[in-house]
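Engineer: FYI, in the working numbering the residues of the sequence shown are 17 to 677.
There's no promise every hint is true.
Claimed, not checked - Within a straight-line C-alpha distance of at most 25 angstroms, the following computed SDA-like cross-link-like pairs (lysine to any residue) qualify: (1) Lys-381 to Cys-446; (2) Lys-514 to Glu-572; (3) Lys-349 to Thr-365; (4) Lys-415 to Pro-388; (5) Lys-477 to Glu-547; (6) Lys-381 to Asn-233; (7) Lys-507 to Leu-494; (8) Lys-592 to Ala-647; (9) Lys-230 to Asn-201.
Since the hints were derived computationally from the structure, they do not count as laboratory data.
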Amino acid sequence: MSTRIAHIVQRSTTLSITRQRLQPTLRFASLRRQRLHASCQIRSKQHEPSMVGYRDSDRFHGSYPQRTIKCGHLGAKNEGERVVLTGWVQTPRAMSQDLIFIPIRDATGTTQLVFRSGDSQLRADIQKLTTESVICAEGIVRKRPEEMINKHQSTGAIEVELDKIYCLNPASTSLPFWPSQPLKNLPNEEVRLRYRYLDLRRPDLQNNIRLRSKVANTVRQCLIDNDFVEIETPTLFKSTPEGAREYIVPTRKKGAFYALPQSPQQHKQMLMAAGFDRYFQIARCFRDEDLRADRQPEFTQIDLEMSFVTPRDIQSIVQGFITQIWDKALGIKLDDSTFRHMTYHEAMTKYGSDKPDVRFDMQIKDIGSYLPDMVDKNSVLDCLVVKKGAAALTGGTLKAMQKELELADEKDFAFVKINENNIHSWPSKCGKLKHSSHAQQASAMNTDLGIDVGDLVLVHKREQYLYGGNTLMGRVRLHLAGVLQNLGVMKLDPNAYKFLWIESFPLFTPDEQGIRTWQATHHPFTAPFDEDIPLLATDPAKVRGQHYDLVLNGMEIGGGSIRIHSPVMQNFIFDKVLQLERHEYERFDHLIDALSAGCPPHGGIALGFDRLMSILCHASSIRDVIAFPKAAGGKDLVVNSPSEVTAAQLNEYGLKLADKE
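Full structure from sequences and hints, please.
Structural biologist: Right, dumping it as structure tokens:
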């Protein structure tokens, strides 16, 4: 009996907690039911002929005055003018029965309305307003007294003395949050994504989306001025083996599927074969990938292709519109000297990354020549010296780094703090990499590397052959830079923009899945350097691709290449180098046919528009520069998609759901 009583008490407690969690939702649902019930009532008698059975007395019905000016455009120059404003009410402040301040906001800014009359009906209308209600307001612009001017607001020198107000649509009293709340008081991102239409009213997001439109138009105009033709390519494509997972679209023809394009790559190459010398598109692309802060399942890229060009021609076009973007969006003047060039090999050896952040130094150096018995012809001894801020890197910090980067069992990695006792013998203190060097060797290394007492020295023995996006020491470099920034020791100028063109990538890299020997480093349509063509059949590892990435502050914002225009070479790479099965590369027959029809030499590039905008807006996530982004798992929380479909719909497309395991 006591067990059953305990069970009943536990169940009652659980139900009580559940009710508490659901209370805001239940209140909102109750309010909606009340309003639905009210809407079914008969309004006042004078409206009975046209509104029988309908009641909606909270909203103004009928014509209302047209807006004469936007809220953020008012100023002292408008003193004495009669204006009509429209927008969203912010929280009113009642100082007394005859003095009420009502901020009103639209896309341009906020203006203060003020009620100072004895009009009881107007007062009653104001008192009924809820925050975020949509109103139309009439009044006279008045200058504020000098001591009342709000210098933090563009309209702070004036206010509008209110004499008429129309409530066009009252906001619910159960809104999950108010856009005017300070960011620190807003709910978590998942809630804000669910009510994105509210979140988008916040000035920060409004500015981001409006700047996005401005940048898109800047790019479009710049390219059109350079004789580019804007051409849309299909959204319903076909499945082709290009690397990333695709979204498959079923059709009513059983067994036949479309795929959403990962990029317009093949269509834009066919447009070159079609004789369109210069194509561009602000294109929607789709990849079924795991999401991070800088990834979305559907994204936008600035896509362009040109015939009869060199990499420098394409880079010049990109630099042209990037320069215009930075000028119009940020007021910053860039020139060609802003865009440095660096080979893939230099980036990987000096910075350990194919997208190096060069806003700080901390270069990696090879010290194998000083310690030749520690390396062979196939290995390199990387060394990184942390000078400024090394004292702040405690033993606990370095252990945490080893755990996060999974270095605890890495036998070829070591580090040592330099002090007066070991400055001439530190190689012998490098853990499993310790080496009994002569003081003369250590002294020469100290001079070359600039090592002093207090520095942190890190060493890693790696393979000489470089491929992929980074090295172990490159990951360590970025991690320590992040730690030093968090500690306030390293400070990076937020307005410093370091552009890099990374070039001469390896055309092929070892297949990480081990299914084949090689995979395309970027995509299989990239052309090799002419002088490396003989190596395609004999030594693919040494073939360099005519690929180029545009990197900004350690982030890749674009990538492109000169394409293969020879059908013979394209088939050879598919068949002999990448070792694709016939059924795999026959999916590209349409492209081979286009190349065989007299396709000119061509090349292009695609820039990630969302990532570019996140940099311009100083946003931590590309979700902050997309109107309706997806949340984790690709979920659209506003409309609750992806969603299930009916059995009838599945049957129409010849599909059947697999049984859940």
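Engineer: Does each hint fit the structure? Answer for all of them.
Structural biologist: Right, here's what the structure says about each hint:
no., hint, in the structure
1, Lys-381 to Cys-446, "holds (16 angstroms)"
2, Lys-514 to Glu-572, "holds (12 angstroms)"
3, Lys-349 to Thr-365, "violated (31 angstroms)"
4, Lys-415 to Pro-388, "violated (29 angstroms)"
5, Lys-477 to Glu-547, "violated (32 angstroms)"
6, Lys-381 to Asn-233, "violated (44 angstroms)"
7, Lys-507 to Leu-494, "holds (14 angstroms)"
8, Lys-592 to Ala-647, "violated (41 angstroms)"
9, Lys-230 to Asn-201, "violated (30 angstroms)"
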